[in-house]
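Chains as they are written, first to last, in numbering that gives the first Met the number 0: chain A, 0 to 99; chain B, 0 to 626.
Calculated directly from the structure, the hints in this document are not laboratory data. For clarity, every value in this text was computed on a predicted model and none was experimentally measured. A few of these clues could be false.
[As the list claims (entries may be wrong)] What follows is a list of derived Cβ distance ranges for each label pair:
| hint | chain 1 | residue 1 | chain 2 | residue 2 | range |
| --- | --- | --- | --- | --- | --- |
| 1 | B | Leu620 | A | Leu89 | 28 to 36 Å |
| 2 | A | Leu19 | B | Gly584 | 14 to 22 Å |
| 3 | B | Arg587 | A | Ala93 | 34 to 42 Å |
| 4 | B | Phe610 | A | Ala73 | 23 to 31 Å |
| 5 | A | Ala93 | B | Val568 | 53 to 61 Å |
| 6 | A | Leu11 | B | Arg587 | 46 to 54 Å |
| 7 | B | Gly584 | A | Leu11 | 48 to 56 Å |
| 8 | A | Glu71 | B | Gly584 | 44 to 52 Å |
| 9 | B | Gly584 | A | Ala93 | 18 to 26 Å |
| 10 | A | Ile78 | B | Phe610 | 16 to 24 Å |
| 11 | B | Gly602 | A | Glu71 | 16 to 24 Å |
| 12 | A | Asp90 | B | Arg598 | 16 to 24 Å |
| 13 | B | Arg587 | A | Glu71 | 36 to 44 Å |
| 14 | A | Tyr94 | B | Arg587 | 29 to 37 Å |
[Said to hold, decoys possible] Only part of the chain A face toward chain B is listed, based on derived beta-carbon distances under 8 Å:
| hint | residue |
| --- | --- |
| 15 | Val21 |
| 16 | Val91 |
| 17 | Asp92 |
Don't be surprised by glycine CBs; every beta carbon is placed ideally from N, CA and C.
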Amino acid sequence: MDKLQLLMLLALALFSVGLLGVVIRRNLLVMLMCMELMLNAANLSLVTLARQTDTTAGAVLVFLVFVVAAAEIAIAIPIVLLLVRRRHTLDVDAYADLKG
Amino acid sequence: MAHLLTWIVLLPLAGFVINGLAGNRLGNRFVTIVGCGLPIVAFGLAVECFLDLMAGGGRTPLVTPVFTWAAIGDRTLDVAFYFDRLSAVMTLIITGVGSLIHVYSTGYMKEDKSYARYFAYLNLFLFFMLLLVLGRSLLVLFVGWEGVGLASYLLIGFWFEDPEKARAGKKAFVTNRIGDAGFLLGMFALFYALGTLDMDTINAAFMSGPAPVVSASVVGILLFIGATGKSAQIPLHVWLPDAMAGPTPVSALIHAATMVTAGVYLVARMSGIYMHAEFASHVIAVIGVATAFFAATIAVVQTDIKKVLAYSTISQLGLMFLAAGVGAYGVAIFHVYTHAFFKACLFLGAGSVIHALGGEQDIRKMGGLAKRIPVTFVTFAVATAAIAGIPPLAGFFSKDEILWFAFASSMGGSPVLWAVAAATALMTAFYMFRLLWLTFFGASRMDHEVEHHVHESPVSMTGVLAVLAVLSAVGGFLSIPHFLEPLLPLPAIPAHLHHFEMPLLVVSVVIALAGLAGAAFFFGDGAKRAARVRAHAEGLHTVLSGKYFVDEFYERLLGRPLVWISDRVFLRLGDRMLIDGALDGTARLAQRGAGVLSRIQSGNLHRYLLFVLAGSAACLLWSVTRG
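Using the sequences and the hints given, assemble the complete structure.
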């Protein structure tokens, strides 16, 4: 097992942890952190594969993902703050107002 | 100078716009000046145009192209005004009698709260009527034709607060629509066959050259169906008596002098077709004489002063169609012309009587008015003598010529037609003198209260009556048929019939005097003899005063089935079941479907994520298995 395979496995593990966290945890902030975890798993795999194929496109894409992640968190955190100010809880199940 | 034609048409329209938009704010004096002034100016211009026409010999029509309405392929539909001898006669009648009636209306409608609206409608009517007689193309004529129908509707229902009057307006409008359908089909056939709707071109095409691809009789009958609607001939005559719901000057202008003669004008104008349509001409003659006869029998027993005149109008229109049906188009227009004078005078006289009696229209509650309202009486008597055909008044000349051509014309004249027309003339003289007798002679049968208030009408009304009475008296000396002969040649008279002319003339005079004598005999002396006759023929009286129950028959034949179909088929089946059902069903389906789908939207973020997860997994699985 070479280094690249190891890195890919690490990325898979990170992604799985993130996904699991989002699905089972109820704390909004933890869910957001888990999302970041998934994005970084994707970044890791991009960089790894760019290295393997000896191209730069993957590395460039990583920067785009950084930007998206930053923007996402910049919007998500204020939303969470506003929600919390209203209901005084971080439990995601408390926010089911859009039930059809 | 030919631009004057456009002005003749546009001036009444300007009157309509001004009075219609601003009349209420500008006061009655202003409305009077605009409403009467513009038609009078139009009359002046019409005289000017007439002099122009005659200065050019009277054989070349004045033509004013205005604009091209539509171009279909290489065929164009032009709006152009056309002024020949026939249009000249009609235009002068319309603007002349029209102006007089406008002046009369200033007195008659003085107290009405919708004074401006009345004059606006009256001017609108003149605009469309002039469009009708001045248009060169059948299309322009048709626009005018529909327009006068609209104006007629508006004026019959002028006092629309009374549902009965509003209904009479609707009846007139709907009945006319039936005729208009025939008219439209005739126009389609002509446009299909000839590619033009210019009436002089159509006449020329039928008069000369190879026969057009469309039968003259078919087109002739279709156009005549339109004429039966507008001119109240059997079977579409039912609207005219009800149209008396409108103000009396309206009855005089629209439902006696001008609009209802549009059908006669149409037949005369399209004489190129009818001269070659023997069958259509026979139909016109028979319908005309039948209408004349039946309407006259009804008029004998009517008790409403305006209803008598309405049936008399239908009857006289029938005589005009009889003349047109035997090829004597000029004579038909002659009767249009004399009829415009004496019938307008009669209606306006009736209006003056109604005015004097404060709205009473029942001749059983009149009597003895001759001394109370002398001017009205004298003019009414002159017009009555004119319509009865007493020489040398106007009606005598035109009616005598109609009878003569009905007898002797080489284009379908026959003794039978003459006999029926002569019987009609006899009844006309009888019921007109009956009307005169019951209204003006004998003892008064008025209520005391009404009798106390009887007064002669203002000079704006009596002056007009006097002018019309003079015209009814002397109008017949102007030989319109001779004037129109270059345009509308009179039919030939077979040589062996010529020696009948003088005897028939004498018979006409005798008929008129017999009618007078009969009326005096039955209705003099307190109408005792008439009452005795009535007692002996109660059944006949019921049929006649019920107007042969044509309205009831139409109600059974058309009205009720139509209501039934509208209710059951169109409303309940079509509208409520099919259309509403389909729409409601679709809406309910969407609602239920949304109800089912909305359960997925639980508001639970984790469940959404699970769906996303499952979806992504399925996509991955699918892409892997597909290779």
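Discussion item. Hints numbered earlier in the text: which of these fail when held up against the supplied structure?
Written reply: Numbers 2 and 9 - these are the hints that the structure violates, sorted from lowest upward.
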